[in-house]
Each structure stands twice: as structure tokens, then as C-alpha cells.
Amino acid sequence: MKKLILTLFVLTVAFTVNAQSNVKSVGIKTSAVCEMCKDRLEKDLTFEKGVKSVNLDLETKVLNIAYIDGKTNPETLRKRVTKVGYNADNLPRDPEAYEKLDPCCKDGGMEPKKKGGNQ
Amino acid sequence: MKTIYFLITGILISLSAFSQGTITGEVKNNAKEPLIGATIQVIGKSTGAITQIDGSFELSQIEANDRLIFSYIGYVSDTLPPNFSEKMLVTLFETDEALETVTIRGRTESVVDEAPFLNILITEAELQKAACCNLSESFETNASVDVSYADAVTGTKMIQMMGLDGRYVLISREGIPTIRGLNSRLGLTFVPGTWIQSIDVGKGAGSVINGYESMTGQINVELFKPESMDKWYLNAYMNSFGRLELNANRQIPVSEKWSSGIMFHTSQQFLEMDTNGDGFMDMPKTRQINFLNRWKYEGDQLMAQIGVNVFSSESAGGQLGFGFNDDLNSSPMYGYEMDTRKAELFGKIGMIYPSKPTQSWGFQYSMSYQDFSGGAGRRIYEGSEKTLYGNFIYQNVLGSSFHQYKTGVSFLYDDFDESFNSNQTGSLDSTFRRREVVPGAFLEYNYIPNENFTLVAGGRTDLHNLFGTYFTPRIHARWAFSPSLTLRGSVGKGYRTPNALMENSMIWVSARDILYQAELQPEISWNSGLSLAGSWLIGEKPLSVVADYFYTQFESQLVYDQDISSDLLVIDNLEGESFAKSFQLEASYQISERLEAKAAYKNYQNLMTTNGILQQVPYQSQDRFFFNMAYATRFDKWKADLTVNWNGAQRLPDTSDSPSEFRLATASPDFFLVNTQISRGFRWGSIYLGGENILNFRQENPIVDPSNPFGENFDASMTWGPIAGRMIYTGIRFKIKN
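Protein chains in written order, with this note's numbering: chain U, 1 to 119; chain A, 120 to 857.
I should point out that these hints are in silico values taken from the structure, not numbers from a laboratory. Just so you know, even glycine gets a beta-carbon here, dropped at the ideal spot from N, CA and C. You may find that some hints are simply not true.
Taking lysine to aspartate or glutamate and the DMTMM-like style, the derived pairs with C-alpha atoms no more than 20 Å apart in a straight line are [said to hold, decoys possible]:
1. Lys505/A <-> Glu463/A
2. Lys151/A <-> Glu346/A
3. Lys206/A <-> Asp107/U
4. Lys151/A <-> Asp107/U
5. Lys854/A <-> Asp39/U
6. Lys151/A <-> Asp39/U
7. Lys43/U <-> Glu99/U
8. Lys29/U <-> Glu205/A
9. Lys344/A <-> Glu243/A
10. Lys100/U <-> Glu375/A
Sample of chain U residues facing chain A (criterion: CB under 10 Å; computed from the structure) [claimed, not checked]:
11. Cys34
12. Lys38
13. Glu48
14. Leu58
15. Glu59
16. Pro103
17. Cys104
Okay, chain U solo, but in the shape it has when bound (with noise of 0.2 Å):
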């Protein structure tokens, strides 16, 4: 029981910290274009150190990021962001990832087909 009591009193610790530091936010404009790229890059960043919260408007393309000052920095977020494959800001893509990425979220992938359901 002792074990325990301390585990989650060392994880309450960790929270509360967190929670003291300096939150921040910052928006990268990003090459993103449909769900899948959403998906995968708000997986990635969730688990970049320091951040806390993301998500990927896909209308305007632009990430938004909530982190802890000190822990990362805008630099740091949007190098990660090229890693996974995407423009960021003026940052270009790193092309091998970009190369990985299924077709739909690469140029262009998004346009031949037209907006369907209606016969």
C-alpha cells in the first residue's frame, strides 16, 4: 500500500508542477492538407516534451500548440513539425518523411477527386 500511496503522490507532484509552469502558445502554419495528416501530427506533437495541448485547423492549415515555456520553444515545435513531413512557417518539410507520407497527404493528393455523394 505504502508503494502506491508514494507512486501517486510522486505522479500528483509531477501534475501540479506542470501545471505551474509557464503555459504558452504558438501557431505554425503548416503544408497540412486533409484528416490523416491532421491525425498524424497532432499524435506526434502530443507526445513532443513540453507540450500540452495541439490542434490542426485544416482551413487555415494552422497548428496550434500549447507548451511549457522552458521545456520547448517555437523553434524546437517547428523543427518536429518538417520531421514529420510538413512546411512549417518558413521551415521547409524534410523530404524523406515527406516521402513516407500516404499519397493523400502529399501535393496535390487532395485534388483529383472532386467532393462526391451527389449523383
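Given the structure of chain U, go ahead and fit chain A onto it with the hints provided.
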């Protein structure tokens, strides 16, 4: 197969002024080809759509909380939330064959809504909530399957469904009945948890396609598939009882059409734990090596796979100090040993016809040899089983997709050779040999007049070389009589051949004389059940409630009677009545985006005639309560889980003829079991920390007269609760994606 229930014409897309939103999208396969005629169904509603020639679809009146099931024949269905802002791009993956049941990938377990059977699917995410260790422990967060304790020596965990022993459940691996025969008890521990992709729990008499053996239900285990495995999946696990596990799954890309996967498991229980100080290990020391490799071919029409599974497992338990190499008969100590080896070759082959999407055939086969060698105290057991199994299934429609059928033939060859030598008391010294040869044929008809109603009527005839002709009729019906309520009913007959020695191995660990009076005959039961499933939105979050009632009546049963005398175990055919009534009420609710709660109440009236009296089956709680709370942040970065099980009092066998100091109460106390786990996800995998039985509840004195194991009062079989106390575990999962 259930995907085809969706191939229905005339789906309503009603226009409404109150429409919440319209979604559009495309459904494709993994080769990015559009799927024409794939169905999209809104869970709990009568709306849906079928994709057009370019794979596109449009659906109106969709709410943010709706869940959409995308399905297509021959493909694994997917359940997704709607996306209004963007065109939805849905990729469906081909199933192994048309034989396979639908797999819904989701965060947790769920009642498979469109199925005519009451099926509960346990997904990988759900399985990871309780990280240890093998199939016998995979049901901890599931309310329909209960876990019970065999005895105080062998460490075996048993499962129960509807209050009846797990041997009445047909347990299959990807459709092939696997955990049966001599390993119906131990076999669960030979399926490592890290191999399991999902588990489908079906309550009630199952489909006739998989045989006559499902008497109370079916549990089908899907392993990770070569084509969808991660390049590497590594897992290490350790617990405070001294158990260490290493698991490695590896995908081997071969070519475009061929894929292969290797799964490896090794584990050891290296500590001798004696938390209650009775001089006996709470669980045996074990060491296991388990290996599976399969190859899969996926052509345009033909799909085939072949695999091999070999394992070796050794256990040594009993009094502290008893080792793996000690001899049971000559050791001054009371020991327990069980060495098991198995080799199995299995596979499937299936064909679909792109021009005739309703038609397909498949053939499943398996060939295995396994042997068991061990015993307890001076009782020595040796057993081996050779099995050959084949099942051919053809499916098509009759005129239109309103009428569908599956038909086929099966073959089972099962050769048993067992010997039991009870030097301890000299009561049962026998060899058991049995060879079963069972060809069979089956037909299952599905009537699907509309999406709200399904009738499945099936029958099979098997010609058993020892017991004559088995006729197995089964009927299932599903009626969604309102958008939020679904009624299901089933009736079916089941048969199985009992294996008295292995199924009853807990009795070895007692001084009771074993009196085998039975004439070998199949166990036969009728199971019927009704269930009502509802789902509603409460505060924009889904609430689902399932109430079910099942009644199982035995026409013939092998009874293990501990009630006649505390010195005896009498194995005899049922004389008189035996039945089980089970009621379960389960509710789950998503409290918030991150928090989900699930609660269940279960009542089992499970009566069997023992010692000439119709009475409650021993070691069985009549009332049980289950509660689970799951917390997860986005993408499972943090996950936390808490499961509480309350087990009501259990009747204990009559011990009134024992010396007073060795008598047991007539019933066990009730008790709580609480498990919890927390995990943190990373890009590369996750780490987890958990505790089982964190309230540290233990059965006091689980062994009667432990200081005289060779004396006449010794009995370690009267176990109703956990032997060892709290267990803390931790582990790491590491994945390299392709």
C-alpha cells in the same frame, strides 16, 4: 461475415430541417482503390449510406456524437466519429478471409451493435488496461467473463461465463477451436497477451459454423496479423511476485503478396512466494517458451496462410523448495509439477470473387500434438492429445442479399491417451484412451429483410464415432425495434466430451479419494437467452445499457461431487437436475471526453444435483458487482484505470464429517478485488505501472492441514479467493513502425 449484414438495399436518408450536419467522404481499400457499395451505418440510428462508383458518399443529419460504421464484404469494418469540416477519407483493410467475424477497432470494448449474437469485443486498447500476461488474465476489465481460482497449489486461474466453468465456452483462435480437450484448463495460459489483437466474447449458443461445442458461449481470439503488425513490438514485464516476461513480435516483409510475422514469448516465475506462511508456494514456479510464425499470401482473389506454434512450459510448486527436477514420488516434500509441450500447424485458405462479391469460400485447418506430464503429491499424471481439424465454409446469397447462407463440412480427429496413478491413496489407477472421429456438416441461413431485423437459423449434424449422431440446432434473432433499443434472442443445443482428469486437476491437490463412477458420455445442454441493449445520449455523451438473461439446462453432465464426503471426490454422470440461470445488467457511460465508467451487476442461480440434493454449485458467487473507470488523454498519452470486483458469498462443499479443526464454514465471506493501472504513452510505445488486488485480500488458510500434506485431512482444493495478496507490476512496450 457480419459485414454482409450491411449489404442491404433501400437505406433511408431522410431529410430533415433539424439536420445537424452533412458529411462527405470516400471509402478506399489499402491499395487506394475506391470501394463501390461499401455501407456506412450510423450506430443506433436508421440512417446510413452506400458508396457510389467512385467510392464517395454523403450523409446528412449527422450529429457530432454519432459513430459511423464503415463496412464492406471481405474487409474489416471500421468505426469512426464524423468529421464535418473535411472530406472523410476512410481506408478499409481486407480481412483474412470472408470467414472472419467483424472487428471493430475502438478505444475500448463494445457490444457489436449489428451482430445477431450478443457479442462483446475486447480491443487491444482494452486488453492493455490489465497488462498481465496471458489470455486467462485478459478478461479483468470485462463484465461478462469472470475469473476464479482453481486451488491453492497449481496457480491456475479459471474463467467462467454465466456462472459456468470456462470449459463450456468454445474458445477459438481465429475461428479454429483451440483451447479444448486436455488443455481446456491450462490452455488459456499458453496464449501470451502481447499476441492478442482483440477478443470477441459471444454469449449464448454460438454459430453452428464453429462446431457443436459452444454450450454457454464463444470466445474468439484474434492474434496480430502479419500484414498489419509493427516491424518490432517488444515488451518486458515484471511483477512483485517474481514473474518476468519478455515478448517480441516481428514483422518480416517478404513481397507485395506475401507477409510473415514471428511472435515470441518467454516468461519465468522465479521466486517462491509464500505470502500466507503455510509452507506452500502460493503459485508454482514456471518457465515457458512460446513461439509462433505464420506466413500469409494475399492475392487478388486467393488468400492463404499457414502457421506454426510450438511451446514448452514447466511448472514446479507445492511445498517451498520443491524444484523443477525433483521427483514427485520419491521427494519427502509435497510437490506439484506440470510440464507441457505443444506443436501445432494451422492455416486457412480462402477465395473471393470480385465479380460476385456475395460469394466466397474458406477452409481452416489445424494439426496439433501436445503432451502433459506431472502430478501432485504422489499422484502422477501423463497425457497426450493428437488433434486434426478441418472446416470448409462456403457462403453466398439466395437470389438477393435478404437471404444469405453459409454451409460446409468439418472434420475432427481427436486422440487421447492419459494415465493417472494415485499412489497416495490407491483409489484411481487407470489409463484412459479415447479416439474421437467426427465428420460433420452444417448449414446456416440468414434472413435480413431490413437493417433492423436479422434471423439466423442454423443446424449441424455430426457423426460421432463413440456417441452416435449429434444434431445441433441453433436460432438467433436480432430486432432493433427502435433506434436506441435492440432485442436479441437465442436458443441452441451444445455438446462436448468431458476430460475428467485434466478438467478437475485441482482435485489432485487433496487427500480425497477419487471415485470414478461415470460412464463416458457427452455433456449435453440447451442454452437460451434474451438480451436488450439500449444506447442513448445523455448530456451529449453515449450511455449504453445491456440487460441479458440466459438459461442453461444440462441434459447430461459429468459431475464432480465434493459434497458426499470430505474424504471423497466422486465423478459421476448427472443424476437429477442441473441448470444455470444468469442475469446481467451492464451500463457504460462516457462521462467526459477523457473519462469512461462501466458498471455491472450479475446474478447467477447455478444449481446442480450433488450428493442427491439439488443445490448451488460450490465456489460460485451468486451475486457479483463490477465497476471500471477508465481515464485517457488524447492519443493515450496518459491512461489510468481502476477496476473493482465484488464477489458475493460462495457455497463451500460440505465438510461436516471432518474433524472439527478442519471443518470449513458453509459459505465463504464476500470480498472485493481492486486492480489499477496507469500508463504513459510515448512516440515509441509506453510504460505502465499497475497493481492487482491492491486491497491485499487473501483467503485465510487456503489449505486444510498444510503441515501434513500426506495426511488424510490435507486439502488444497477448497479455494474461493486469491491465495497471494497484492501484486505490483511494471512493464514497457516498445514499437517500431514500418
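Against the structure, the hints:
1. Lys505/A <-> Glu463/A: With Cα atoms ~10 Å apart, Lys505/A and Glu463/A stay inside 20 Å; holds.
2. Lys151/A <-> Glu346/A: Judged against 20 Å, a Cα distance of about 16 Å means the pair holds.
3. Lys206/A <-> Asp107/U: holds (16 Å)
4. Lys151/A <-> Asp107/U: holds (16 Å)
5. Lys854/A <-> Asp39/U: holds (19 Å)
6. Lys151/A <-> Asp39/U: holds (18 Å)
7. Lys43/U <-> Glu99/U: holds (19 Å)
8. Lys29/U <-> Glu205/A: holds (18 Å)
9. Lys344/A <-> Glu243/A: Given pair Lys344/A, Glu243/A holds - Cα atoms ~13 Å apart, limit 20 Å.
10. Lys100/U <-> Glu375/A: holds (17 Å)
11. Cys34: The hint holds - Cys34/U has a Cβ within 10 Å of chain A, the shortest such distance being about 6 Å.
12. Lys38: With a minimum Cβ separation of about 8 Å from chain A (threshold 10 Å), the hint on Lys38/U holds.
13. Glu48: holds (8 Å)
14. Leu58: holds (5 Å)
15. Glu59: Holds - the Cβ of Glu59/U comes within 10 Å of chain A, reaching about 7 Å at its closest.
16. Pro103: holds (6 Å)
17. Cys104: holds (6 Å)
Checked against the numbered hints given earlier, this structure breaks none of them.
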